[in-house]
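Asks: So the sequences go chain by chain: Y and A.
Heads up, the first sequence is in our numbering, so the first residue is 1 and it goes up one at a time.
Heads up, the second sequence is in our numbering, so the first residue is 1001 and it goes up one at a time.
If you're looking for bench data, these hints aren't it; they were derived computationally from the structure.
Please note: incorrect hints may appear among the correct ones.
[Stated by the list, open to error] Have a look at the derived ranges for each label pair, beta carbon to beta carbon:
#	chain 1	residue 1	chain 2	residue 2	range
1	A	L1005	Y	G320	20 to 28 Å
2	A	V1308	Y	K129	39 to 47 Å
3	A	V1007	Y	L4	38 to 46 Å
Just so you know, even glycine gets a beta-carbon here, dropped at the ideal spot from N, CA and C.
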Amino acid sequence: MSLLKRIAKVLFSSDMEIDDMKELTKNKYIKKGRMPEKVVVYFSQHIGKESECCVSCGNHVKEGQVIGKASGVLSSNVHAPISGKVVEIKNYRNSTGRSGKGVMIESDGKEKVWKKKDAGNISSEKIIKAVESAGVVGMGGATFPTYFKMNGALKSRIKDYIVNGAECEPYITADQRLMEEKTKEIFCGIQLMVKATKAKHAYFGIEDNKRYAIRKFKGIAINHDWFDVEELESRYPQGAEKEMIKNILGKEVPCGGLPSDVGVAVNNVGTVFAVYEALYYSKPLIERVVTVTGNGVKNPKNIFAKIGTPVKDLIDECGGYKSNVSKIIVGGPMMGFAQSDDKIYVTKGMSCILVMKGSDDDSAEERPCIRCGRCIDACPMKLNPYIISAYSQRDKFDDAKDAGVLNCYECGKCAFVCPVRRPMTQYMRYAKEGIKKRGDTKK
Amino acid sequence: MKLDLSVSPHIKTKSSSKKIMFTVIFALLFPSVAGIYYFGMSALWILITCIVCAQFTETVVLRMQKKDTKITGGAIITGLILGLIVPPNVPLWLCAIGSSFGIIIGKMVFGGSGSNIFNPALVGRAFMGAGWPALMSVFTDVQDVGAPLWKDIADATTTATPLVSKAGVDSATLFLGSHGGCIGETSILFILFGGLVLLIKRHIDWRIPACMIGAVFVLSAVSGTDPMYQILAGGLMFGAFFIATDYVTSPMTKRGRIVYAVVIGCLVFLMRNYGTMAEGVAYSILFMNAMVPLIDRFTQNRIFGDKV
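The following block holds chain Y by itself, in its conformation from the complex (with noise of 0.2 Å):
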């Protein structure tokens, strides 16, 4: 950064907007993580219902085999990470803090290598079929069945295929690497995907702070004029769904509606990464990038991880704990989940461990509202977090509702710009978490 950009953040930082940090690893190529021992595989992985277990303790599995078959609403196929063998099938406590079903797998050291096939002459139909099967999920952290979203989109006769490369969250750079190492592959991902949805246009919607992927998709975007790359301002949270669209395409998602109510359908690039694999190499869903970063590892690094790889085994490949690490987040530093301890293993929505040490935080202690009315700039549904807090700090649930707080996604904005520190989104949680207890599901 040149002295007079300096100067000029220093005097003109509007304490408003969030640091990206991500100069950690943005420039670290993915390295392919060790093979690890054992891994455990969740059979939750995904948004909708548990799939079900098709293996038993002892059963030799080899790496892609379904172990866990997609049954029920919004439910996704799980496969073998690695072949070996199945040594226990028990609850185990997943990133979230929940626990659920999952099964450990030791590895027999055998690795499969997946044959490259050609997948340009492939009807819609068998594309979905395919990503079904596969068990590919949103891997930007929502883990809504992809599938799901690809017939959604077809039903209702999308316009628009919006391929999400914002990566707003701080820290997080899973998706930048992808685009800047796999920037063939994955458009030949967004080709199979708009032939599946339909779509008649493509956009790449990426944060203007990447500007190497920039230039490696628009060098692609001169060749095709169904594909535009657009360059969006670096500003936590663009890649919220809504938010891409409407900054894109100047359309607004109806409240309490989906994108394809518009015409649209967005992933995110690595899901989009995830569908070439299955398609072009038969490949199921076994494997993602994941950030591991931090002031608290010694060497932060971006590895393509097997899924179910202890978090462990990942922060011991980037050199260690650096001492008095406070928190694990998985996810980014904005909507990620602290972790009690490192006893968890990578899901299919896992983007990020991040490891924090000391006290990052100022610990200010919470005061009163000053009534600054940051919360009420920084809210991208553009609520009110300000009066719903007053009201959820009441159990004014009814008022809560009436002013929008359903429309919440917990993006943290409000809570990180508030200069008294108070618990905004939390706020906004309990009030949604009231709502739904009191069975109230009218609009």
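Dock chain A against the given chain Y, drawing on the hints supplied.
Replies: Just chain A now, kept in the frame of chain Y:
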């Protein structure tokens, strides 16, 4: 390994209410310095009295309420603002009464920091003006620049403020501030310095000063009074940058702030030209402070994705 468990977001802005408060105090130092330069030692004593009394009153009340008595800067700002909007020769006992009244009635009875409806400094100022109108309308002239700080206050001559005399002061004098008036209100140049600090740090919304000053300017121009004179004289600039922008007593949405500031500007114009007072900034802001909940109610943002 002992880990902290907390919910997201795990990072917070570096800004804090304390930092904001002290930036505001820093910004207020510009008009304070100008006031002390022009009006001498008596101005300094007034400022100190106001600040000390405001903070003392707040601490006493907080202790009576058995609340945390940590100094947050709010009372200092109230005292400092009050000191800057009184004439430079007000007796110190009156300053003490005014700032204590402002803190107690303007702030603490409503529940303290963040809960007050009216700007406490203006409440104090209004009380002083209502109770001791004669003392509050005598303005000493600017001291001999060069030896202001040790000049005896008894030597001072009195003068009329530019808004009362309605003429005789040119724009340059108004801009620099070497004329009669309240301590912090005369030097537009230094008010702008302070205002610029707050604008650059984005602690205040530019809409409030812009709309407030703009409204006065436009109405004056339309009605045939000298618009430049109207915006440079009196307490308009100071009020627009430092008082009307107070977070607690101004609307929270951008649209609300525009409505609020424009109406203040209109009221200032009406009070100055058709009222019995020469000045109307303090009362205009106080009146609109009372309107803030109403403005907030009708200027909510449209929720993303809601019907237009």
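Asks: Compare the structure with each hint and give your call.
Replies: Consistency of the hints with the structure:
For L1005 (chain A) and G320 (chain Y), the hinted distance range of 20 to 28 Å is satisfied, since their beta carbons lie about 22 Å from each other. For the hinted restraint 39 to 47 Å between V1308 (chain A) and K129 (chain Y), the CB-CB distance of approximately 41 Å keeps it satisfied. The given range of 38 to 46 Å is respected by V1007 (chain A) and L4 (chain Y), whose C-beta atoms sit roughly 39 Å from each other.
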